[in-house]
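Residue numbers (the working numbering), protein chains in the order written: chain A, 112 to 269; chain B, 112 to 269.
Quick caveat, the hints were computed from the structure, so don't treat them as lab data. Just so it is clear, CB atoms sit at the ideal spot from N, CA and C, and this is done for glycine as well. A hint or two may mislead.
Have a look at the derived ranges for each label pair, beta carbon to beta carbon [stated by the list, open to error]:
hint, chain 1, residue 1, chain 2, residue 2, range
1, B, A167, A, V137, 39 to 47 Å
2, B, T200, A, N264, 46 to 54 Å
3, A, V137, B, M112, 20 to 28 Å
4, B, E186, A, A156, 21 to 29 Å
5, B, P181, A, D234, 24 to 32 Å
6, A, A159, B, V130, 44 to 52 Å
Simulated crosslink set (DSS-like; lysine-lysine; CA at most 27 Å straight-line) [what the hints assert, rightly or not]:
hint, chain 1, residue 1, chain 2, residue 2
7, B, K239, B, K267
8, A, K267, A, K179
9, B, K239, B, K119
10, B, K267, B, K119
11, A, K132, A, K239
12, B, K179, B, K239
13, A, K148, B, K179
14, A, K119, A, K179
15, A, K126, A, K148
16, A, K179, B, K179
17, A, K148, B, K139
18, B, K148, B, K119
19, B, K148, A, K179
20, A, K139, A, K126
21, A, K267, A, K119
22, B, K139, A, K179
23, A, K148, B, K132
24, B, K148, A, K139
25, B, K267, B, K139
26, B, K179, A, K139
Computed footprint of chain B on chain A, listed as stretches where at least three residues anywhere in the stretch have a Cβ under 8 Å from a Cβ of chain B [stated by the list, open to error]:
hint, stretch
27, 167-178
28, 231-243
There are 2 protein chains.
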Amino acid sequence: MPTEIERKFLVDHAKWAAVTKPVGTVYKQGYILSEEKRTVRIRVAGDAAYITLKGASAGISRSEYEYKIPVSEGEEILDNFAASLIQKTRYNIEHAGNTWEIDVFTGDNTGLILAEIELQHEDEPFEKPLWAGQEVSHDNRYTNASLSVYPYNIWKQA
Amino acid sequence: MPTEIERKFLVDHAKWAAVTKPVGTVYKQGYILSEEKRTVRIRVAGDAAYITLKGASAGISRSEYEYKIPVSEGEEILDNFAASLIQKTRYNIEHAGNTWEIDVFTGDNTGLILAEIELQHEDEPFEKPLWAGQEVSHDNRYTNASLSVYPYNIWKQA
């Protein structure tokens, strides 16, 4: 079974602002199903689109099945099947031999910037960049499925 | 948007028994999501597998998006994500210029045989084969999503 092992961190806005960034990709995604143990996500990412199934989390690991679909159909499915959308710009940054994915959220999650690193093993060592702050791998509020229905702007003040 | 227009009929068992059949294909399928307006289905059909999204029905029409996936992953997803399974053997029969799909159900739906014809237009004329009986296009108990959770053997006596 394909498994995703990933760690997630809040990003320090001031330090991130000072980083020389590559061109980002605009992501638009929504959830057709969003349960604790099963999600079905549609993502339109620039000129590509995907349908992705994810299983229950076990620590920082999660089964994941992803299939490419036509962008035009991804857009239609988002319009007709998804309850709410996430919009963000993703930047890929190389750091000390690892690729970090930094998501700068817009819309109802404006103000949130998250950095993720995908690992091969749960205990794999890696070097944290300066702009990566508090780890939130185990805080379910920061999952995209949760952010789509309970966005950052609602709970950040709480 | 891709749309599926289909009509569905009960099959007369005695007349069907007399038909010379082609080789059938064993279908195993389950639902990751089964709501009135949205279903997500995984189907393993012989040596192929698919993930299929269907929207709300409008009469006999329904939006449908289908993508091919690896069989091994289809089997895994059925094992790990689907609540209940449908098993059946499908036969394709040509009749008067149309292809009919005849599903002979097994498991909890044993005893049920359904025939479907896919049309290009809602009012397209077609010739009904001798073995096709009562139309059940509008009876939601005969949808596969419903049969997976409320099988024929439960309600056929009611």
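Against the structure, the hints:
no. : hint                        : result
1   : B/A167 - A/V137: 39 to 47 Å : violated (29 Å)
2   : B/T200 - A/N264: 46 to 54 Å : holds (53 Å)
3   : A/V137 - B/M112: 20 to 28 Å : holds (23 Å)
4   : B/E186 - A/A156: 21 to 29 Å : holds (28 Å)
5   : B/P181 - A/D234: 24 to 32 Å : holds (29 Å)
6   : A/A159 - B/V130: 44 to 52 Å : holds (46 Å)
7   : B/K239 - B/K267             : holds (24 Å)
8   : A/K267 - A/K179             : violated (34 Å)
9   : B/K239 - B/K119             : holds (11 Å)
10  : B/K267 - B/K119             : holds (17 Å)
11  : A/K132 - A/K239             : holds (17 Å)
12  : B/K179 - B/K239             : violated (31 Å)
13  : A/K148 - B/K179             : holds (24 Å)
14  : A/K119 - A/K179             : holds (24 Å)
15  : A/K126 - A/K148             : violated (35 Å)
16  : A/K179 - B/K179             : holds (10 Å)
17  : A/K148 - B/K139             : holds (22 Å)
18  : B/K148 - B/K119             : holds (19 Å)
19  : B/K148 - A/K179             : holds (24 Å)
20  : A/K139 - A/K126             : holds (26 Å)
21  : A/K267 - A/K119             : holds (17 Å)
22  : B/K139 - A/K179             : holds (23 Å)
23  : A/K148 - B/K132             : violated (42 Å)
24  : B/K148 - A/K139             : holds (22 Å)
25  : B/K267 - B/K139             : holds (22 Å)
26  : B/K179 - A/K139             : holds (23 Å)
27  : 167-178                     : holds (count 3)
28  : 231-243                     : violated (count 0)
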